[in-house]
Amino acid sequence: MRCLLFIYLEKRKWQLLMNKADKNKVYRIWFYLFLVSFFLGMLIMNMGDETLLGDAGIFNLASMNRLKYIEINHGRFFQYVLKKRIGECVVLLLLSTTALGMVTVYAAVFWQGMLTGMIMTAAAIRYGLKGILLILGGMFPHQCLLFPAEVMLLGWCLENYFLMHTFGRGVSPLFHNRRQQLLHQGVLLMWIMLVMLIGCILESYVNPILISDLIKIF
3 MRCLLFIYLE KRKWQLLMNK ADKNKVYRIW FYLFLVSFFL GMLIMNMGDE TLLGDAGIFN
63 LASMNRLKYI EINHGRFFQY VLKKRIGECV VLLLLSTTAL GMVTVYAAVF WQGMLTGMIM
123 TAAAIRYGLK GILLILGGMF PHQCLLFPAE VMLLGWCLEN YFLMHTFGRG VSPLFHNRRQ
183 QLLHQGVLLM WIMLVMLIGC ILESYVNPIL ISDLIKIF
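Counting from 3, one number per residue, gives the positions in the sequence shown under this note's numbering.
For the record, the hints were derived by calculation from the structure and aren't laboratory data.
Where hints are given, some of them may not hold.
In silico SDA-like cross-links for lysine to any residue, where the CA-CA straight-line distance does not exceed 25 angstroms [as the list claims (entries may be wrong)]:
| # | residue 1 | residue 2 |
| --- | --- | --- |
| 1 | LYS70 | GLY89 |
| 2 | LYS218 | LYS85 |
| 3 | LYS218 | MET66 |
| 4 | LYS132 | ILE74 |
| 5 | LYS25 | PHE149 |
| 6 | LYS132 | ASP215 |
| 7 | LYS218 | TRP158 |
| 8 | LYS25 | ILE46 |
| 9 | LYS70 | GLY140 |
| 10 | LYS25 | ARG128 |
| 11 | LYS25 | GLY140 |
| 12 | LYS86 | LYS27 |
| 13 | LYS218 | LEU95 |
| 14 | LYS70 | ILE121 |
| 15 | LYS27 | LYS70 |
| 16 | LYS27 | TRP158 |
| 17 | LYS218 | GLY140 |
| 18 | LYS25 | LEU185 |
| 19 | LYS218 | ILE60 |
| 20 | LYS70 | TRP158 |
| 21 | LYS86 | GLN182 |
So the derived label-pair ranges between C-beta atoms look like this [to be verified]:
| # | residue 1 | residue 2 | range |
| --- | --- | --- | --- |
| 22 | VAL92 | SER214 | 15 to 23 angstroms |
| 23 | LYS218 | TYR82 | 20 to 28 angstroms |
| 24 | SER214 | GLY89 | 42 to 50 angstroms |
| 25 | GLN81 | GLY130 | 29 to 37 angstroms |
| 26 | ILE219 | MET166 | 35 to 43 angstroms |
| 27 | LEU131 | LYS70 | 16 to 24 angstroms |
| 28 | ASN26 | ILE211 | 18 to 26 angstroms |
Positions of the beta carbon are idealized from the N, C-alpha and C atoms, including for glycine.
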């Protein structure tokens, strides 16, 4: 009996180690993909600065001046942010059940990297260090929760894709029993959604206060 228990525990330990190794490999690929797309975003913004950074372009003076005097209805802003975040989550979750699930995950990483590179480059070209401070301030404190939640969501979607289409390959499922795997995924998804909800609250009620202070330096 003890021998069987030992074998089961060792097998379980090996499954957990393999799962961790698989996910670490995927995270490294995401990191490099994000870096490549980030620099691509920087390149696009530098090459198209005359068009993208014109008088009507991103971070133009008129929009910055409006931002100084805008009054935010935090309740309505929270509804907008929550609807936007949940909408993006639903799209990713639905696509993770299709044959395009894996492509969607990697495309999301690529798009976020390119978008980040373009925005940070635009802010730096327009306003130098002040622009970078504005972008960093615009990410705090909600991105401290939303960023890891989004990474976990992408990992969940990738695992769900492999579970539904290539069970046992790709990112190894944590459990090789479908019922246990689905229960694990359900609990994890609830946790991700809770973290995102808290992040949306911070984005709607705390971040605007920080932005209103930072915008005064422009």
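Hints and how they fare:
Distance restraint check for LYS70 and GLY89: the Cα-Cα separation of roughly 29 angstroms exceeds the 25 angstroms cut-off, and the hinted pair is therefore not satisfied. At most 25 angstroms may separate the alpha-carbon atoms for a hinted pair to count; LYS218 and LYS85 exceed this at roughly 29 angstroms. Distance hint between LYS218 and MET66 is fulfilled; the C-alpha atoms sit about 10 angstroms from each other, no more than 25 angstroms. The suggested pairing of LYS132 with ILE74 holds, with an alpha-carbon distance near 23 angstroms, which does not exceed 25 angstroms.
With a C-alpha separation of about 17 angstroms, the suggested pair LYS25 and PHE149 falls inside the 25 angstroms cut-off, and the hint holds. Of the pairs offered as hints, the one joining LYS132 and ASP215 holds, with about 13 angstroms between alpha carbons and a cut-off of 25 angstroms not exceeded. Between LYS218 and TRP158, the direct Cα distance comes to roughly 40 angstroms. Violation of the 25 angstroms bound is thereby established for this hinted pair. For a cut-off of 25 angstroms, the pair hint linking LYS25 to ILE46 is broken: about 31 angstroms separates their Cα positions.
Of the supplied pair hints, the one linking LYS70 and GLY140 holds, its CA atoms being roughly 14 angstroms apart against a limit of 25 angstroms. Distance hint between LYS25 and ARG128 is unfulfilled; the C-alpha atoms sit about 39 angstroms from each other, more than 25 angstroms. For the proposed pair LYS25 and GLY140, the alpha carbon gap of about 30 angstroms is over 25 angstroms, so the pair is violated. For the suggested pair LYS86 and LYS27, the alpha carbons sit about 30 angstroms apart, so the restraint of at most 25 angstroms is broken.
For the hint linking LYS218 to LEU95, the alpha-carbon distance of about 40 angstroms lies beyond 25 angstroms, and the restraint is violated. For the suggested pair LYS70 and ILE121, the alpha carbons sit about 19 angstroms apart, so the restraint of at most 25 angstroms is met. Proximity of LYS27 to LYS70 is assessed by CA-CA distance (about 44 angstroms); at most 25 angstroms being required, the pair is judged violated. A C-alpha spacing of about 15 angstroms is found between LYS27 and TRP158, which places the hinted pair at or below 25 angstroms, so the restraint holds.
Restraint check for LYS218 and GLY140: satisfied, since their Cα atoms lie roughly 14 angstroms apart, inside the 25 angstroms limit. Simply put, LYS25 and LEU185 have alpha-carbon atoms about 19 angstroms apart, close enough for the 25 angstroms limit, and the pair holds. Distance check on the hinted pair: LYS218 and ILE60 sit about 18 angstroms apart at the alpha-carbon level, within 25 angstroms; holds. Using a Cα cut-off of 25 angstroms, the hinted pair LYS70 and TRP158 is violated, with the two alpha carbons roughly 39 angstroms apart.
For the proposed pair LYS86 and GLN182, the alpha carbon gap of about 31 angstroms is over 25 angstroms, so the pair is violated. Take VAL92 and SER214: their Cβ atoms lie about 31 angstroms apart, and the range 15 to 23 angstroms is violated. Separated by about 24 angstroms at the C-beta atoms, LYS218 and TYR82 satisfy the suggested range of 20 to 28 angstroms. Our hint of 42 to 50 angstroms for SER214 and GLY89 is violated, since their Cβ atoms are close to 27 angstroms apart.
At about 35 angstroms, the CB distance of GLN81 to GLY130 agrees with the hint of 29 to 37 angstroms. The hint said 35 to 43 angstroms for the Cβ distance between ILE219 and MET166, and at roughly 50 angstroms that hint is violated. Taking 16 to 24 angstroms as the suggested C-beta distance range, the pair LEU131 and LYS70 conforms, at roughly 19 angstroms. For ASN26 paired with ILE211, a C-beta distance near 37 angstroms fails the hint of 18 to 26 angstroms.
Of the numbered hints given earlier, the model fails hints 1, 2, 7, 8, 10, 11, 12, 13, 15, 20, 21, 22, 24, 26, 28; all others are met.
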